[in-house]
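Chains as they are written, first to last, in the numbering used here: chain Z, 1 to 433; chain P, 1001 to 1449.
Since the hints were derived computationally from the structure, they do not count as laboratory data. Treat the numbers as computed from the prediction; the structure is a model and nothing was measured. Each hint should be verified, as a subset may be incorrect.
What the hints assert, rightly or not - Here's a subset of chain P near chain Z, in silico, CB distances under 8 Å, partners left out: (1) Leu1036; (2) Val1104; (3) Thr1107.
Unchecked claim - Some chain Z residues flagged as far from chain P (calculated, every beta-carbon gap over 12 Å): (4) Met1; (5) Asp26; (6) Pro52; (7) Val54; (8) Met219; (9) Asn243; (10) Leu257; (11) Pro258; (12) Val326; (13) Val341; (14) Asn386; (15) Arg401; (16) Val408; (17) Asp409.
Claimed, not checked - If you want the footprint, here are the derived chain Z segments under chain P, 3+ residues with CB under 8 Å: (18) 59-71; (19) 343-356.
All residues carry an ideal CB built from backbone N, CA and C; glycine is no exception.
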Amino acid sequence: MANLHTRFIGIDSPNPFWLASAPPTDKAYNVNRAFEAGWGGVVWKTLGEDGPPVVNVNGPRYGAMLTPDRRMMGFNNIELITDRALDTNLREINEVKRNWRDRALVVSLMVPCNEPAWKAILERVADTAADGIELNFGCPHGMSERGMGAAVGQVPEYIEMVTQWCKQHSKLPVIVKLTPNISDIRHPARAAKRGGADAVSLINTINSIMGVDPATLTMVPSTGGKGSHGGYCGPAVKPIALNMVAEIARDPQTAGLPISGIGGVGTWRDALDFMALGASNVQVCTAAMVYGFKIVQDMASGLSDYMDEMGIASVADIVGRALPTVSDWRYLNLNHISKAVIRQDLCIACGRCHIACEDTSHQAITASKDGVRHFEVKEEECVGCNLCVTVCPVPECISLRSLAPGEVDQRTGKTVVAEHADWTSHPNNPMRA
Amino acid sequence: MSNPPLPDVRAARLSAQDYALRFADATPALTPGQALLEAERCLYCFDAPCATACPTSIDVPAFIRRIADGNLRGAARTILEPNPLGGMCARVCPTETLCEQVCVRATQEGKPVSIGRLQRYAVDALMASDRPQVFSRANATGKKVAVVGAGPAGMACAYTLARNGHSVEVFDAKPKAGGLNEYGLASYKTTGNFAQRELQWLLAIGGIEVHNNWKLATAAQLDTLRAQYDAVFLGLGLASTQQLGLPGENLRGVEDAVDFIARLRQASDLATLPIGRRVVVIGGGMTAVDAAVQSKLLGAQDVHMVYRRGPQSMAASREEQEWAQTNGVVIHHWLAPLEITAINGHARGVRFAHQEQINGQLQPSGEEHFIEADMVFKAIGQRLGNPVLAQVGLDLDQDGIAAAEHGETNLSGVWAGGDCRAGGLDLTVEAVEHGKRAAYAIHAHLCPA
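Here chain Z stands alone, though its shape is the one from the complex (with noise of 0.2 Å):
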């Protein structure tokens, strides 16, 4: 079995699996039941400043966007920072550090944008055996009302002083946890940076609305009739956060910033996608929350195997591998003609190849041949646009084929040639160099 061991900003764990500061990190009870699952580190959920503790709604926190077979592809919620004493918290992140020193357990803070605030609060988690703090800056819903988590994050002047404050109060590692919900996701990594952050973690979740009751034509979810946007995650928003990872690991001014990957990962391969794109490791919260702790074992498991296979010593040799190939559209290849291939021995004739296109696309896959029903790519149309292999049910029955240089294209009458020519330089381009 590889060696998962993982140590992100000077934070050792002994997998790159962490848990998110969410509902299940609110207390030692489930914490303690992640750490015996076998998680490598969680993020707590949310301390707030002492004093009355926030209050939660009594009816539905949680929607979903749900598959007929009710595998959930999104998951939205509208619960609030810890609504647990402060006290109790910090005491129990304590005793829970020392039971399990080998796992990271990082401190997730969000007080109100004043550095008093924020300087009380970093002396009571000074006070524990905590390993870092991750400022929450993401938050979506309710705290965001009140100028606090996204209100901050969607601001980067406020996470560059922030930050600051937080580097000067505090001798733990900073982690500022990004908001999705901007424009530009470089620019509050950018001010993060600035402000001295030892690390990013991103995406939080995206402002949502699940949908509507048709009866009732009521907001789902709803509290008694009324409802708010919620905080999206889940596995739809994976390619968000993917994207947002790479933006950030090959932006000049953050690269090198090291980040912790959230957003949709319940699998090894999902990890795998962040850490490739630039991510030092990964947390998890709804594949958790639908299936329980044990999932980390099957995670684990999988991206050892993984490793053991590739022949990838550490964790760290997987970061930010793919990135390189991360590329701008300017600068995609244009020579490069790919054709759809539809396999006639696993086609099972549904058609959906042909429709999806003849609709749609390029009018490139037939629907019959000599009057018999028959689905094949005629090359001559085919833009190698990849949408025939999404939408066949089959695995691996279509594919798209690479042609090789001196090849001719049926659709352009021109022969391949291996020299990369892209936009920047294509003579229909204005701005060309």
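Go by the hints and put chain P onto chain Z.
Only chain P this time, still in chain Z's reference frame:
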């Protein structure tokens, strides 16, 4: 000298609980969760093979997609528009040889989407809803049409005509309307009095009047209908059964399977139905299977279904054969009956000649085989058998009324469909299609565009 065993034919072989259990729905209704999951398996094929395979051309992917997206009313409308008897067809269609046979999921996974069960789910949901009607009747045309036979063909025709604003009178020989749906199917295929519930749904469109106990016995009756109505549709089914023409055929304990099935369908208490301890059913079609399985369910100990050719030639589908076997029926092939032997004027067994196929010809091999039986059911086919049809001058083919594409007969103003029409598959769903097509043609004839 010991006496040969006496026929053992008795009623009340089972407890009331066992009757209820054994004659429950053979294929239980899908739960909402099951329906959703099954609907999700449908790939929404382009030019879907299932829809092409359906004799009534139901847009299967569309109704399944509507089940999946929570629009059961729309799903039912998609089914009932081309097939007003979609509820019964969902129960009795041999889907394994129609829509489900060509389902691409069968190609992919060896398991087609359960189209029949989904269809039943959608139609049942509509019929159980507060507003079970999805179509309304067009303005009255003032035209009157007579329909002979209240089976699937007749009722599909009557319903379609009524929807188009015509006044329809249906004449049926039986005390209850429904034809084979009411009298001719295994009861576990259509539990809960569904045939009558569906009939009520059909009649609720309005403009249809049903006359029961009306038999077409004279040429004058048909002449009167032709004179008094603007059009006539004949959907009178097959009234007679094929006979074996063998010694012993008229013994007590020997019966047409269709009569047995009808009796069973109409029985208010199954415990009153006598059944033999040992039963032989002669025939290889769905009627034979229905009779054999129900004999077993009534408590018969040994039930033999005997067919003179091989399994490939049986009219009962593979699934039907397996259903019979699952229920404990023993299927024999390559045995042709020679004689039903007697004891005290009652059947005691059937003597068979073993058959073999030589150069495509069925020939006795010389071997004989005897199967003891307390009851013998004949299920070797049905035929038109109504002399009036020839008397009025209708062109008849070997097996039925000769009709053109939409059911036009050689008599002007007379259309025909369902089992009484020559050729075809003799399936409920085909009868519905005949009735519907004829109704379209009659409507076009009565109200030219």
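Hint check: 8 Å Cβ-Cβ cutoff, Val1104(P) to chain Z = It holds, given that the least Cβ distance between Val1104(P) and chain Z is near 4 Å, below 8 Å.
Check the non-interface label on Leu257(Z): least C-beta distance to chain P beyond 12 Å or not.
-> holds (43 Å)
Check the non-interface label on Met1(Z): least C-beta distance to chain P beyond 12 Å or not.
-> holds (35 Å)
May I ask you to check that Arg401(Z) keeps its beta-carbon over 12 Å from the closest beta-carbon of chain P?
-> The assertion about Arg401(Z) holds, with a minimum of 23 Å to chain P.
Decide, holds or violated, for the assertion that all CB atoms of chain P are farther than 12 Å from the CB of Asp26(Z).
-> The assertion about Asp26(Z) holds, with a minimum of 32 Å to chain P.
Chain P versus Asn386(Z) - minimum CB to CB distance exceeding 12 Å, so not interface = At about 19 Å from chain P, Asn386(Z) clears the 12 Å cut-off, so the statement holds.
Status of the stated non-contact between Val326(Z) and chain P (beta carbon gap over 12 Å) | Check passes; 34 Å lies beyond 12 Å.
Non-interface claim for Asp409(Z), where every Cβ of chain P lies beyond 12 Å = holds (27 Å)
With 8 Å as the cut and Cβ atoms as the points, is Leu1036(P) at the interface with chain Z?
-> Result: holds, 5 Å to nearest chain Z Cβ.
Taking the closest pair, is the beta carbon of Met219(Z) still more than 12 Å from chain P?
-> holds (18 Å)
Counting residues of the stretch 343-356 of chain Z whose CB is closer than 8 Å to a CB in chain P, do you get three or more?
-> Check passed, 7 qualifying residues.
Interface exclusion of Pro52(Z) relative to chain P, criterion Cβ beyond 12 Å | Holds, since 44 Å exceeds 12 Å.
Checked against the numbered hints above, the structure breaks none of them.
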